[in-house]
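Number of protein chains: 2
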Amino acid sequence: MTQKVSVNNILEKLETHIQGLTYGESPTELYEPISYIMSLGGKRIRPLLTLLSYALYKDDFESILTPAAAVEVFHNFTLMHDDIMDDAPLRRGKSTVHEKWNPNTAILSGDVMLVRAYGMLVDIDPQLLPKCIRLFNQTAAEVCEGQQHDMNFEAIDIVQEEAYINMIRLKTAVLLGFALQLGAILAGRDDKEAQKLYDFGVNIGIGFQLKDDLLDVYADKAKFGKQVGGDIIANKKTFLLIKAKELATGDVKAELEKWIAAKEFDKEKKVKAVTAIYNQLGIKSLTEDKMQEFFEKGFKQFESLQIPNQDAFQVLHQLTKDLINREK
Amino acid sequence: MTQKVSVNNILEKLETHIQGLTYGESPTELYEPISYIMSLGGKRIRPLLTLLSYALYKDDFESILTPAAAVEVFHNFTLMHDDIMDDAPLRRGKSTVHEKWNPNTAILSGDVMLVRAYGMLVDIDPQLLPKCIRLFNQTAAEVCEGQQHDMNFEAIDIVQEEAYINMIRLKTAVLLGFALQLGAILAGRDDKEAQKLYDFGVNIGIGFQLKDDLLDVYADKAKFGKQVGGDIIANKKTFLLIKAKELATGDVKAELEKWIAAKEFDKEKKVKAVTAIYNQLGIKSLTEDKMQEFFEKGFKQFESLQIPNQDAFQVLHQLTKDLINREK
Chain A
498 MTQKVSVNNI
508 LEKLETHIQG
518 LTYGESPTEL
528 YEPISYIMSL
538 GGKRIRPLLT
548 LLSYALYKDD
558 FESILTPAAA
568 VEVFHNFTLM
578 HDDIMDDAPL
588 RRGKSTVHEK
598 WNPNTAILSG
608 DVMLVRAYGM
618 LVDIDPQLLP
628 KCIRLFNQTA
638 AEVCEGQQHD
648 MNFEAIDIVQ
658 EEAYINMIRL
668 KTAVLLGFAL
678 QLGAILAGRD
688 DKEAQKLYDF
698 GVNIGIGFQL
708 KDDLLDVYAD
718 KAKFGKQVGG
728 DIIANKKTFL
738 LIKAKELATG
748 DVKAELEKWI
758 AAKEFDKEKK
768 VKAVTAIYNQ
778 LGIKSLTEDK
788 MQEFFEKGFK
798 QFESLQIPNQ
808 DAFQVLHQLT
818 KDLINREK
Chain B
498 MTQKVSVNNI
508 LEKLETHIQG
518 LTYGESPTEL
528 YEPISYIMSL
538 GGKRIRPLLT
548 LLSYALYKDD
558 FESILTPAAA
568 VEVFHNFTLM
578 HDDIMDDAPL
588 RRGKSTVHEK
598 WNPNTAILSG
608 DVMLVRAYGM
618 LVDIDPQLLP
628 KCIRLFNQTA
638 AEVCEGQQHD
648 MNFEAIDIVQ
658 EEAYINMIRL
668 KTAVLLGFAL
678 QLGAILAGRD
688 DKEAQKLYDF
698 GVNIGIGFQL
708 KDDLLDVYAD
718 KAKFGKQVGG
728 DIIANKKTFL
738 LIKAKELATG
748 DVKAELEKWI
758 AAKEFDKEKK
768 VKAVTAIYNQ
778 LGIKSLTEDK
788 MQEFFEKGFK
798 QFESLQIPNQ
808 DAFQVLHQLT
818 KDLINREK
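Sequence lines, in order, name chains A and B.
Sequential numbering of the first sequence, starting at 498, is according to our numbering.
Sequential numbering of the second sequence, starting at 498, is according to our numbering.
So that you can see chain A by itself, here it is in the shape it has in the complex (with noise of 0.2 Å):
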């Protein structure tokens, strides 16, 4: 038999427990700061994505929210070490915790943030462990691969479009893959079928941050909630840019590259001229076609999948829809 699933039950029972969660007490300088980023929200779709993956096959979920929880907790170690390193005074609209604090106490808390993590994960059956620890290592360094991959990209002039998926495959997929094969494997699903869900994950995950770039140009100001064109203003290396740098010849070359080299701007007049440089180019097509390219593979994975529980499947299938068609 199985239940109701529903994204609004498990979101709010998560969140309680993530709430709830303690990290440790003194020094406060080192744990005060992991209350902090963990407070400051979002959406929670990494352990949203292991809970519902579970979901597809057993109706428990309250039992694994610990484990759930720890991807969230290495979601945003990876946040406060990135925001050292991007220098960000701001995330999620707070000031960022090396802001806050300092950049010695930042790297600290990340530091017990990520033993914390694998701290959250060892309570899960013992038959189980070796395989998911091993799994979470692999994606932990992955996902460090793909921030300094990152910021390599920002040091050099070219990058190859095959060089960025990668980039954002390591930096954002492969933790939202992993999300939900753990999901799987705490179900007690093999190793095949967890590995469909990772694959999925991994696909509609480079078609997220593909939908980032595009939003960051063509967003609805109105619905956004951030400055729109913001990558286009600091000369982020997105595919948009990318693309637009390999197609570009001539007079449109040389106007693109008189933006990116310019010092001193008006910021409007920048996004506007490079917005306008990507439509000459059809940049957002392009993009958009490469997109549902990873969105599509991705879902004839998830759909090739044997699930026992529909009502689940088709509760992930449009979460992953909604979020495919956000507009911020």
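Calculated from the structure, these hints are not laboratory results.
For clarity, every value in this text was computed on a predicted model and none was experimentally measured.
Misleading hints may appear alongside valid ones.
Where chains are identical, the list cannot tell them apart; a pair therefore holds if satisfied intra-copy or between any two copies.
Unchecked claim - Under the rule of at most 30 Å between Cα atoms (straight-line distance), these lysine-lysine pairs were calculated in the DSSO-like manner:
| hint | residue 1 | residue 2 |
| --- | --- | --- |
| 1 | K689 | K767 |
| 2 | K555 | K628 |
| 3 | K510 | K628 |
| 4 | K733 | K597 |
| 5 | K787 | K767 |
| 6 | K628 | K689 |
| 7 | K740 | K718 |
| 8 | K628 | K591 |
| 9 | K767 | K708 |
| 10 | K797 | K755 |
| 11 | K733 | K628 |
| 12 | K693 | K510 |
| 13 | K555 | K766 |
Add chain B to chain A, keeping to what the hints say.
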């Protein structure tokens, strides 16, 4: 039957094993710093303790070289991140990672190094894995706590002796305890026996740090290999300075505070003057007594063990004594 245990034989095999470790290929910026810091050498005390602890009970120490080396990888991860926080230019006479590369690379390489340490533990007997990961997690978090306390101490005026001992217990000693405990667990010993080895390690670890504090001031220049008085010059809150601040009164107190407050000073003069204050207050023997107290407590725990391999017992006993009597 037990075979002859030799520190040199174990160290040689350990070093070969460590030199053969690989951490990842690409991006090179992420993985080269790991090979670099691991190649800088050091005494390899921690994995040596794991191997010697295992050798107390079993002959085939070669079978646990990887988990033993995990302790060394973890230790070097903490050095890589501590060096950023302390803005240290040199480590074992060579450039620190954040100096040779940059702080971001040192943050991220350190992160992946911590992940790799877990990866080197994951192949141990699955029956023992949950326990080992749990103990490692606790140790790792405590080492971070110790580092945070140490940083906090630099920013405050008065540190109590008890707080200092607790800080060095966390920052330094618990990892020596874990190293010994891990060896016993991997050799199949019960929790009580492993705990005794842990307690032995923690107590001698605190003693070793007090020895370090002493050597900085009282080492024989010719044998020490680095500047005598470095801690005095930097006003580092060692056990010696903490006790001196506690005990000094009147003119001696004023003299000590003058040297601590001085922004510009002749280094040699300061070392000489503060050492004279220490001598006047009997700080050397106070520290030696405290150190001895911890060593005795540790050895009492060690000597209460029922060790099948008496040869290994003697070797570990002697190694610890050599470390206690070291002159650099």
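Here is how each hint holds up against the structure:
In the homo-oligomer, the alpha carbons of K689 and K767 never lie at most 30 Å apart, since the shortest distance is 48 Å inside one protomer and 68 Å across protomers. Taking the shortest alpha-carbon separations for K555 and K628, both the intra-copy value of 20 Å and the inter-copy value of 28 Å come in at or below 30 Å. Proximity of K510 to K628 under the C-alpha cut-off of 30 Å is found in both arrangements, the shortest distances being 26 Å within a copy and 29 Å between copies. For the identical chains of this complex, K733 and K597 are neighbours both inside a copy (25 Å) and across copies (27 Å), given an alpha-carbon limit of 30 Å.
Taking CA atoms no more than 30 Å apart as the test, K787 paired with K767 passes inside one copy only; the shortest distance there is 25 Å, against 67 Å between copies. In the homo-oligomer, the alpha carbons of K628 and K689 lie at most 30 Å apart both inside one protomer (13 Å) and across protomers (29 Å), since each shortest distance falls under that limit. When the C-alpha separation of K740 and K718 is checked against a cutoff of 30 Å, the pair qualifies only within one copy, where the shortest distance is 24 Å, while the shortest distance between copies is 63 Å. For a Cα distance limit of 30 Å, the shortest separation of K628 from K591 qualifies neither inside one copy, at 37 Å, nor across copies, at 38 Å.
In this homomeric assembly, K767 and K708 come within 30 Å of each other (Cα to Cα) only inside a single copy, at 21 Å, whereas the closest approach across copies is 62 Å. In the homo-oligomer, the alpha carbons of K797 and K755 never lie at most 30 Å apart, since the shortest distance is 42 Å inside one protomer and 75 Å across protomers. Proximity of K733 to K628 under the C-alpha cut-off of 30 Å is found in neither arrangement, the shortest distances being 37 Å within a copy and 45 Å between copies. In this assembly of identical chains, K693 and K510 lie within 30 Å of each other by CA distance solely inside one copy; the values are 27 Å within and 42 Å between copies.
Taking the shortest alpha-carbon separations for K555 and K766, neither the intra-copy value of 54 Å nor the inter-copy value of 73 Å comes in at or below 30 Å.
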